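Engineer: Sequence:
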Amino acid sequence: MALVDQEHMDDTGLRLSEAAPGDFIALLKPRVMSLVVFTAFVGMVMAPGVPNPLLAIISIAAIAVGAGASGALNMWYDADIDAVMGRTARRPVPAGRVTPGEALGFGLVLSAFSVATLGLMANWTAAALLAFTIFFYAVIYTMWLKRSTSQNIVIGGAAGALPPVVGWAAVTGTVSMESLVLFLIIFLWTPPHFWALALFKSGDYERAGIPMLPNVAGHAATKKQIFIYALLLAASGILPVVAGFASFAYGAVAAILGGGFVWYSWQVLRMPESDVSMKPAKVLFGYSLLYLFVLFTALLADRLLASLGLVS
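Numbering (our numbering), first residue to last: 80 to 391.
Read the hints as simulated data drawn from the structure, not as lab findings. Watch out, some of these pointers could steer you wrong.
[Claimed, not checked] When the alpha-carbon atoms are kept at most 25 Å apart in a straight line, the in silico BS3-like pairs for lysine-lysine are as follows:
#1 LYS303 / LYS358
#2 LYS361 / LYS225
#3 LYS303 / LYS280
#4 LYS280 / LYS108
#5 LYS361 / LYS108
#6 LYS361 / LYS280
#7 LYS303 / LYS225
#8 LYS361 / LYS303
#9 LYS225 / LYS108
#10 LYS225 / LYS280
#11 LYS358 / LYS280
Note that the structure is a prediction, hence the values are computed from the model and not measured.
Using the sequences provided together with the hints, build the complete structure.
Structural biologist: Here it is in structure tokens:
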């Protein structure tokens, strides 16, 4: 062991980093980043006006970097609980490939860079929203809510719902009712999505001491909450039509998708306590990912068809 330790020390006795480039990419949470980029892009496309293509690309890149910065800061602070959870134990910081200081510095530098870039290249309203998103996720959610309340994912979900608002603001310099509708859809989607995961990963959260709803209120209460949020989410999916910035064709797609979400949530509600496989919860978790992607893709398609005069 002493020989191994010496191999990772420099001449001054300081520990050398074992991190590979892939470890720093992992700190960015690429899967979460892809969802952030996609929903922000939809917000940009749905906004009135035609943005300069180069500025649009730079804006999306800045938002992506900001999302990655949030992920790095989250992994820095959560290294202790990540180490005891099966699905997170191999992350770069708890696995020892990236030091906490490296993750913190990486996240802070990317945060400053992304906000400054968005402000200078787009506008400072969008930059301020991006800065608030990073702060809310890294400080309000990660450092406070996640470890202190079973409503952590409800309140903390605001951070994940802000990207389309940031994207809209990058084009218009404003926050509008339409962008807030997009925010609401993701905000209402977040609790049932994560609570479905928490149902079949409750052992992980218990070992980490995280007060997720199934561990605090029990599975029965969690299943009821999932179903209630599914009803609210299905209704919110229709709001773009009600608000006048999406067609009835989109509304039909949203209604079908929302009906599916309610159906799978109903299956979770009916899931007996003795069902250790948690298959309905796993199915709902998978469907929830598909739901958000298809719904926002439908918004993009609707805007394209409207620009061609094919829908109104």
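Engineer: Confirm or reject each hint.
Structural biologist: Hints and how they fare:
no.	hint	verdict
1	LYS303 / LYS358	17 Å, holds
2	LYS361 / LYS225	22 Å, holds
3	LYS303 / LYS280	18 Å, holds
4	LYS280 / LYS108	19 Å, holds
5	LYS361 / LYS108	21 Å, holds
6	LYS361 / LYS280	10 Å, holds
7	LYS303 / LYS225	21 Å, holds
8	LYS361 / LYS303	16 Å, holds
9	LYS225 / LYS108	18 Å, holds
10	LYS225 / LYS280	15 Å, holds
11	LYS358 / LYS280	12 Å, holds
Every hint from the earlier list agrees with this structure, and none is contradicted.
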